[in-house]
Every structure is written in C-alpha cells, then in structure tokens.
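As they're listed, the protein sequences go chains R and X. For the first sequence, counting from 1, position 548 maps to 604 in this note's numbering; every step adds exactly one. For the second sequence, counting from 1, position 177 maps to 208 in this note's numbering; every step adds exactly one.
Please keep in mind that the hints were generated in silico from the structure rather than gathered at the bench. All residues carry an ideal CB built from backbone N, CA and C; glycine is no exception. The reader is advised that the hints may include incorrect statements.
As the list claims (entries may be wrong) - Pair ranges (Cβ atoms, derived):
1. R:Arg-184 - X:Thr-343: 35 to 43 Å
2. R:Gly-516 - X:Phe-67: 33 to 41 Å
3. X:Pro-419 - R:Ala-111: 41 to 49 Å
4. R:Leu-311 - X:Phe-67: 12 to 20 Å
Said to hold, decoys possible - Residues from chain R shown here face chain X by an in silico Cβ test under 7 Å; the list is partial:
5. Ser-72
6. Phe-74
7. Ala-96
8. Ala-99
9. Ser-142
10. Val-176
11. Arg-206
12. Phe-207
13. Ala-209
14. His-213
15. Arg-274
16. Asp-296
17. Asp-840
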Amino acid sequence: MPFQQLYYTSCEQGLSGFAGYQFNAVSADVSAGTMREVEALTAYEPPASLLYAQAPEELARCPVNLVFVPGATALAARVQYVGRDSSQRFGNYFAHALTSPDFARDAGGLLGIELWGSPVWSSRPADRTRLPALDARPGAGPLTPRSVGRFLASHPHAALLPALLEAARAALAEDRSVLVVDTGTDRIAHWFAAVCFLLPPPLARRLSFATYLHRPGRGRLHLIGSLPENRIDLGPDDQDVYYLFDFVRGLVPALPVHPLTGLLARVGPSSARAFWSWADDYLSGRERTAEDWHGPAAAAATAGGTPLTPADLVALIAWLTGPEPPPAPALTAAVRDVHRQYRLDREQLRALGRAAARGDDRELAEQLLDEVHESDMLRCEEGDGQALPPVRFTDPVRRARVTGRWLDRFRRADAAGALRLLGWASAAGLRPPSGELVRRSAELTSELLGATVTGRPFRGLEELLTTAARQWPELRQGLVHTLGVLAESQRGQLPDLLLGLPPGLLREEDVAGHARLLEHFLVARAHRSPELAVATLRRVVALRGPDVPLDLSLLHRLWPPRTYWSYAEALAAVPALPPGLPWEEGARRWLGRSLIREITDDAGLDDCLRLYELLADPPRSGWPDPDSAACVARTLEVRDRLDRARTADQLAEVLDDLPPVRWPPARALLLRRLPRGLAERPVVRPDRLAQRLHLLTRLSDGAARAYLQRIRTEAARVGRSGPPSDTLLGHLAAAAGYLAHHRPPGAQLDLIVATLHHAREHWPPDETDRLARALRPYAPAEADLLERRSAERRSTAVGRVLRWMASPLGTARRTPADGGSRPGGPAAADPAPPAAAPRVPPVTPPEPRRPGAAE
Amino acid sequence: MAAGLACPYCYESFTAREIWFRCSGRPGRTGRRCAFERDPVLAERTGRRGDVGPAFRADGRKSSAVCPGCEGDTTYRICPVCRSTLPVQFGAVGHRLIAMVGAKASGKTVYMTVLLHELMNRVGAGLGTALMASDDATIRRFGSDYEEQLYRHGRLFHGTRTAAANDGRVEPLVFRFSRSRGRLYRSRPQHSVLSFFDTAGEDFNSRENVELNTRYLASADGVILVLDPLQMPGARPLARPGTVLPGSEGVDEPVNVLSRVTNMLMARQQGASGRITTPLAVVFAKLDAFWDTFDPGSPLRSHPPAGDRFDTADSLDVHEEVRRLLREWEGVRIDQDLENHYRRYRYFGVSALGAGPTPDALVAPTGIQPYRVADPLLWLLSEFGAVPRRGRG
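Next up, chain R with everything else stripped away, as it sits in the complex:
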C-alpha cells in the first residue's frame, strides 16, 4: 500500500470550504484522526526574524521542519514556511505529509530522517482537494552516513555525539525529549541522522522527531530541533523532561554514557550501516535494553575492526556465554575474532573456552584452556595477588601438556617468578623432571647469591623461597650445590651468605655431607636461635676435632655482638667443651673477660664461684690467662677462709690482706659474706675486733654498717626472746670499743649509739648489768651509764612498769596507738631514744649527724 499524502496550509480552497488553515488536499481514505494528527504535528511558527519573509531567498533561509512519527500509521511530513497566505497575512506554512501503515516497506527501507531534502516533498497547494497516493517510493535526500560523518568531523562539538546518543536512547525508554539547538535545521537534521544511523535500527525506527519547533516546550517527540533565537520556554518543572543539547553554546546534560553508546560513537555514522549489517548475524530480534544490544554490537565491532573498551569486552563475553548466544557459526566466529584481537585475562579466556566448546569448536576450546593455564602461570609468576590457586590436575595428558608449558616458563622466569611457579606447580600436582629442577634451582640460587655478597641475598623472597624449598627438595639440592661452589670460591663470604638465608630454607640433613657448610649452617642457625649457641659450640668443636684450638671468631659468631660470656653463659659453655681443648689467645682473652666481672647480686656471686670451681683444677685451670687464673685462685681462697673461720676474730683477719680492686669477684665475696660471717661468730678479743672494724670500714662503709645493723637487730630482740647471748655481748663490747677508740663514721656511730641506748632503756636490768660488765674493759663510761640506769629502773614504779612492758606479756598487750612497739615493727627497729634521753654517749659525744644518715 503506497503512501497517502496530505497538504495542509492556509489557503482559499481546501477541504473546509473556507479560506484559512485547512487541508488543501488529501489522498483518498485518509482518516479524520490522521488529519488531526497531521494538523497538530505540523503546526509551524517561523523565527521572529523571518516572520515577514516573502522573497524566495528569504523563505529559503527559513527553518524546515521534517517530522517523523512512527506508529500504526507512521507519519512523515515536511513543513516549510511560505510567508503570506491568501488573505495576505504572514505566518503561512505548507505541510506535506505522507502516512503509511508500514513505513519501512513503503519507504524502501529508508529511515525517516533520510527523507530530509527528499525530492518527494511539495510546497505548492494542489488545485484539487484529492491527492493521489504516492505512486513510487520516495527518493532519499542528501543525508547519507558518509555526509553525516563529514558533518560531524567538521563540527566543533562532535565529541558530544555519545551524550546525544545516550539521551536519544534514554528518551526512547523514559518518555523524555531531546532538544537539539543548532544554527540551522540542516545541521539539526545531520545530528538527528547521526543518531538514527548509529542507534540499533529497531530503536532508530522507533524514534520520532521534528527538526524544527518554534516552541519546543510543547513538543512531545523524542528528538526536537530548534534555533537559538527561539524561546526555549522550558519552565522550572520541565527541566527533567528535556535533555537540552545546545550545540551553539555547547551545553549538554550530564548523562552517564553507557558503554554501548560509546562504542556506537566510535563506530561513527560513516560505518554505521555496514556495522549494523554485520551485527545482523548476531542479533536475535529480542534485544530490548542497552545490555541486550551491547554484546552483539561489540561482536560486530570486533568483526569490523573497531577497538573495544574493557567494558565492551566484558559485555561481549557475557553475551557469548550467556543464555542467548548467537548460533554456532556466528558464536565461534565471534570467539575467534575477540581471541585474535585482544589480550584476555584468565576469566575471559575461560569464558571464551566455554563458548567455543558450546560452539563445538574443540580445537579452539582446547587452545583457550591452555591459555587459561598459561595465564594462571603468568599471573602467578608476576605475583598477582588476585591470581586464583590452581586446580590439581588429575588427567595425565593435560598434566603433561601443562607441565611442558610450565617448564618453558620456569626456564625463562626470573628468580621471584620461578619460585612462584614452583609453588604453582606444587599446588597443581605437576611432576617436572627432577634433574631439570635441580639444575634450574642451582642457576637461580647462583644468580641470587652471586649478585649479593653481603646482607640478605633473598630479600623479599624469603617466604617464597622457604615455601618452595619445603615443597621441592630439588630446590634445596640446587641451593646446596651453589653454596658448595661458593664455599670454594668465596670462602670468606660464606658465613654471611648462610646467615642471609631465610630460616628453614635448608635443613641440617641437606648440608650433612659438607663439613664446612655444616659448620656455617649450624652457626647461622644459632645466630637466629641464640639458645642453641652452647650446643652449637659443642657441635662445631666436635666437628673440628680435638686438636683444633677454639678461636675467638667462632665465639663472636655464636654470641654476637658480645666480647665475653656472662657467668651463666660461661657456666653452660665451659662444661660443654672438652677439657683438653686448646684455646687460641683471643679465645683466652674472651674467657678472661668472662671471669672477672662486677657482681651485682648473690646469684651472680654463686655462678661466679661455681664457674671458678670448674676452672680451679687442671686441665681447665690452664684455659684462663694468668691474671684471671690468679683471681680465680684468690677468690676461692677467700671463700675457703670465710667458710673455715671459727671465731669472728679469725674471720676478721682476712681484712688484714684485702684482694686488689681489679678483682671484683673476690671483693664482692668479702662485702657480701663478711658482715654476716662476723656477726654470727663469737668474739674472743673484742678490742681486736674493734680494730678490724676500722679496716672493714676502709673496705666498705656499707659492709661495716651491715655488720652493725645485724648487731643492733640482735640487741633489739633481747628481753622478748630471751637474754642476750655471749656472742652478742662480745660484739656489743667490740662495737662499744670501736665507738670509744676509733671515731666511726656518722651512720655507724648512730647505729652503735642507738643499739646501746636500746639496751639501756629496754633490756631487763639484770641483762643491762651483764652488758655493763662485758663493756667495762673496753668502754667503762658506757658501762657506768648502763649500771646507773639499771639501778634507776629497778627503784621506781616506773621501772616496774617498764620492766613489765619490756616483758613479752606487756609487749603483746600494747598497741601502736599506745605509743609502744611490736616485735619486729617500726618501733622495734627505731633505735631513737625518748626525747628526754641523752643521745650522746658519755664517753665521746658523737659528731653532728650528717644529712641523710640513717637513724
């Protein structure tokens, strides 16, 4: 059925019978509804500047409205301004409309926009009111894909084409309109043609458009054109109805562009027709959304050589593997195209492999699967953190194929890559030839170790190397081989190299056959695990044999960065060494420094003495240097005298010959054990002891005070725990003599005075009298004072009370709130006399107290 025609204009003769706007002529059987639609769609107002155009050249400049509205009755119309009407009023226009129930068929496949400038259009009223139906297919106008391509190439805003395409696509989906403003309707028609050519043909045929509307705000078509001078009367509420593309001012809406749209824009109008003809092979006819179109379009683009973006690739592969792929020939052709043109990642290769298998192209599927594994290996080799772990190969044939590819890659890979590949092969269950592995491992480790002479040759690869070494003995063998070579060529650097190896990389059994490597291996292990140092020393000494002297270098490597042992370390190391072991001089100095050290606590003194005992007897006594050996001997002698002395007098004789200051252990022994030893032993000659207390003070004021403190503590117990012992009385006599004849330092003086005061005021009078008698030969004045005070205390009720309070019962009933003291409590330890009591002994007044002196 050919096109029916309608002419609408303001004329004197037409269907209405009256002059004015009316249908001048129409074809037979045109319905009233069609006429009303044509009248509505072709309404025209010229731009204000051209309203009074009447000369042909002026009229030619007027915008032309080509309208196309698809539908059950498709309508295409060309509206042209003609100036005055029959009543001489301006504003007249002539609309020539074609309608058809099957536009595509009747137009011979032309798109509506291709009727722009078509020779089919008339602009002259007919003489009669009946128009014939169009007896031939309308000819196409000048708009071709090529001419549109040229137009875009020269347009300053050609880059906006993707946005325009996107807007047109959105307009189709969302009942919106795209408003295009440019300087002429010819340019607008080119834009529309670009959209129509590029959009999928079914969509393009659904596009309605009008190349010119004076008041675009009234338009409801998908694409609307207008000129800059017209009022774009979009009210505030209409902003979301229109996508405004003002190509004069360069205004475009901010639309996210779908990848399909970007692809179509890259294809360009010039190639659009061929592009969509290729795409025909891939289309099912059920495409509706952009996602539906994207895959087939990408396939067509690939076939035509248009580059794809990553998003296009994703869409293409998703489509090829989706629920509605193209038929087998097109499917495999698309797979081969994309496989040939693009570097694909693992998942893409896998997906294409599935698609190829679906298309029954087994050879391609197999190849793609190989490439998947190749890709896996590559990603693994490159250290891609996103690489998936391999699946274990169970098929022997496939495993052999993959092993071959793996070996190729393993041979070429750098160290890190090769190590990663080893991990991959282990997880995949590959079984590469052992000899090949050992050889390549030796090469790799040689490269790594050869490139770095100090430090950590495998920096950054420790974990990889350790893991691979754990999985592959061949790697360890290769490494041992390399180390063996280096042991010969770079002997001096071997220890550092081994120290640089990651822990756990080698096992002892790996180097068991190489004595030199083994020693360095053991030392390196001890370096990382210091608790193994002594055991390693013993192992190394044993490895070296009994005749090889112990050298300082080994000690330094086992106890870095030290230059001596602590007493505890020496106590562990010395027994571990064979007694007959010869020592180099440096090692002897190490031992000497270990033997003569400051001692800060009793445990250290104990360790020292135990160590000294180990070295006291031959053959170990020959290990230390002479001075150290002398220190050992003197210290042990002092200890023996401390142990053997029966009386304090005998013990104090050790003070007559003090060890030299350079032997701290011997002096520490005296300081820590002499005060107690003196206090616990009976005194035969208090006057002699008093004299040696002076020597003790010269050795150490602290030691002397420690001794006096012990005496004072014992004196404080008298009365509560029984009478004073003779030993205590002897020491008090010595202390009183010391006080009377040697002017002790302030703190010692305070201690002695406080002790005697306590005895005077708190001891039972009888005991006080005993003390007085003991003191009388060495400090008679103090003895007098004690006796006088004892007498006073006996004769007064206060004295009785005091006696009672001094008794255990009285002490037990007193509380701190009474101002009394408890056994062992602060008051008991406080030797300060009452305020009324004289603090200065009668014999020799004490010196003024020094600040900080102990009470």
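Since chain R is already given, all that's left is putting chain X on it; use the hints.
Just chain X now, kept in the frame of chain R:
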C-alpha cells in the same frame, strides 16, 4: 458534579470541596520529603510533562492541606480535572471565563492584546482597576508573545493556531482583576479571576472545529464575538481608501460564525426564555476604516465618558448606532440572530490600533491608538457585577 466553579485553564466545572492539592515537595514536619514525579493527568491535559509533587485529594474549601505522604503543609491547590495549579484565592473570589471568538482575520488577537494592555495601563487607571497576570505562564506568554510583539516590535500577529493544531487544547491567559470598592470611610479591594482564551478563526469554519472549543465556550461566563466589517460585503466598499482589505475568496461570512457559536451554545444552555443566557459582546473591530462615513454626531466618533463606572447610556447609544450600521453593512441577519437567540447581547464598535496596519503587517507609523476597546469587557464585567455601572440598561 455539582457546578459552582470552573477551572480557568481547562474550563471544567467542579465544586470548591472537590479542589485537590499538590505537595510542595519540601520536607514535612516529620522530615520526610515527597519525591517529584510525572503527573500523567497533568501531562495529558496540559502537555506539561515535568516532575511535580504528588497530587492528593483534601477539602478544597480550605486554603491549605497536609500531604499524606510527607505530612507537610501545602497551599498548592489544583484543578481536580486538569491538575493545573489554581490561582491564589480561587473559589474565594469571583472568577469569570471570557471567550474570544470570531472569524478568521477578524482581529481577535490584536484586540485581546490591546484590551488587556489598556486595562493594565490607561483604562485601568481611569477606572481604578488593576489587572495582573495570575500565573507564570501568563506573565511569560502575554509579555513576550503578545505585548512585546505588538507594542515593542509593532508587528501584527500571524494567524492563531487552531485548536486542532494545538493538540485540541487552548491555553488561556489568566489574570487577576482588582477594583477598589468604597464603603463609607474605607475601601477594600474586590478581586476577580479573569480567564481569556483566544481562538483561531478557522475553529469556527465548521461545526467540527467548533466542537473542539465546545467545552470552553460552554463554560464561558461571557463571550466576546469579534467581527470584521471589512469581511461584510456591504461594508467593504465603505472602507477608507487605502485600507488593506482581507481576501474575500473563500472567507466565511461573520453571520455564519455567529450561527455556529450560537448553535453550540444553544445545545449546552438555554434560559427560561429559550434564549442563551451567556452575555455576548458583539464587537465590530477595525472601525477606524469607517470613521469617515460616520455622522458627526455618531457616538462612534466620540470617546466614552470618563469615570470609574461603566456608562450604560453611552453603551446603549453605541449599541443602537452599530445596529443601524449593520443595516448599512448588510448585516441584518446578524441582528436577527442575536435578537432571537440571546437574552443579553450588546454591540460595540472598536478600533484596537486606531489605524489600519501597513501592507507589511506592521502597526501604522502613527502608533497604537485604541478606541473604545475596553467597553465590551466592562459591559461584561458590569453584567457580572464586578464593575459598577452608571444608569440602567
């Protein structure tokens, strides 16, 4: 539907209670905000497809309502039929719908433009009235499409688009007419909403075309019928020499236009007398072309008396004078038709421009000098009681 109000945009009738509201889209008291969306009814009836707040039904007699969606207050009252936003105080003040009809090229659009311009300016000031556009569209359209074209550029309008060419819709211009009404010691303004819709002459060339405007005409409170004497065979020879005459070929005669309008109105409404009750102002335009033929004492050679009231006596004088001219212009059938079918009608003679346009469809170099353009509307308004009149009749 109980009649009472008519939408000034779609001319559909409804009661005040039936007025709907539209959510403002601002956050309500609960903090919720209604999403804007396309209103399909609004789009279909008016062509406005933009996203707007949701419409909802509430008691339209009140000035505001609470949106059920966001619980926000809104004062946007909308027509329940076309969903257009109604003028402020619509329903609380009087409203009048004025239809402008006439044959093609009779000068309806020019006359309406000059009439409104005069009411906004000179005539309005004399009468103590004010006319203001009632909505944004009217402000924009009257300013740029009408007033600017005629007054600033001096261009006459091209033919008005037919209703069919406008998707079967008309786009009335809606104004707020205010007049101070004195009462002893104080005066208070009295407001009316006036809705004007212009029609294309072609819309009255056939009954089918007239039907497209049926709803609008049937709901109109007053009709201004503009007739061009130059289209009347008896008047054309009397026109001043040099007057640009409209083409006569195929031109429908004014009496035919009147007949079609009358038929449509009669089908919709009749008074007890069997005559149409809608007041009809029959305006003969372009009188400047005939001034030379009028008697010196003709009321059509003088201006209406000044004052703030509609002068009934002067209007009746004009009415009779035009009736006399009709006989001269071979328009007796018009008078007969009116007498037989209309209970209230009156003749007017006006000249919107004061001088004929140039052959290039431009305003004459002497400028726009309107003559008696306000009389028809003032008569209609006086009939509605919106303008006081002097004298009876």
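Now for the hints, and whether the structure bears them out:
1. A hinted range of 35 to 43 Å is violated for the C-beta pair R:Arg-184 and X:Thr-343, which are about 54 Å apart.
2. For the pair R:Gly-516 and X:Phe-67, the supplied restraint of 33 to 41 Å is violated, since their beta-carbon distance comes to about 58 Å.
3. For the pair X:Pro-419 and R:Ala-111, the supplied restraint of 41 to 49 Å is violated, since their beta-carbon distance comes to about 54 Å.
4. As the Cβ distance of R:Leu-311 to X:Phe-67 is approximately 19 Å, the hint placing it in 12 to 20 Å holds.
5. Because the smallest distance between the Cβ of R:Ser-72 and any Cβ of chain X comes to about 5 Å, under 7 Å, the interface hint for this residue holds.
6. For the restraint placing R:Phe-74 at the interface with chain X, the shortest Cβ-Cβ distance is roughly 4 Å, inside the 7 Å limit, so the hint holds.
7. With a least beta-carbon distance of about 5 Å to chain X, the hint placing R:Ala-96 at the interface is held under the 7 Å criterion.
8. Hint status for R:Ala-99: holds, given a least beta-carbon distance of 4 Å to chain X, under 7 Å.
9. Checking R:Ser-142 against chain X by beta carbon gives a least distance of about 5 Å; that is within 7 Å, so the hint holds.
10. A distance limit of 7 Å between C-beta atoms decides the matter here; for R:Val-176 the minimum to chain X is near 23 Å, and the interface restraint is violated.
11. Checking R:Arg-206 against chain X: minimum C-beta separation of about 36 Å lies over 7 Å; hint violated.
12. For R:Phe-207, the shortest C-beta to C-beta distance to chain X is roughly 30 Å, which exceeds 7 Å, and the interface hint is violated.
13. Among the interface hints, the one on R:Ala-209 is violated; its C-beta lies about 35 Å from the nearest C-beta in chain X, farther than the 7 Å criterion.
14. Interface hint at R:His-213: violated, since its Cβ lies 26 Å from the closest Cβ of chain X, which is beyond the 7 Å cut-off.
15. Hint on R:Arg-274 holds. Least Cβ distance to chain X is approximately 6 Å, under the 7 Å limit.
16. Taking 7 Å as the C-beta cut-off, the interface hint given for R:Asp-296 holds, the closest approach to chain X being about 5 Å.
17. The restraint placing R:Asp-840 at the interface with chain X is violated, with a minimum CB-CB distance near 102 Å, outside the 7 Å limit.
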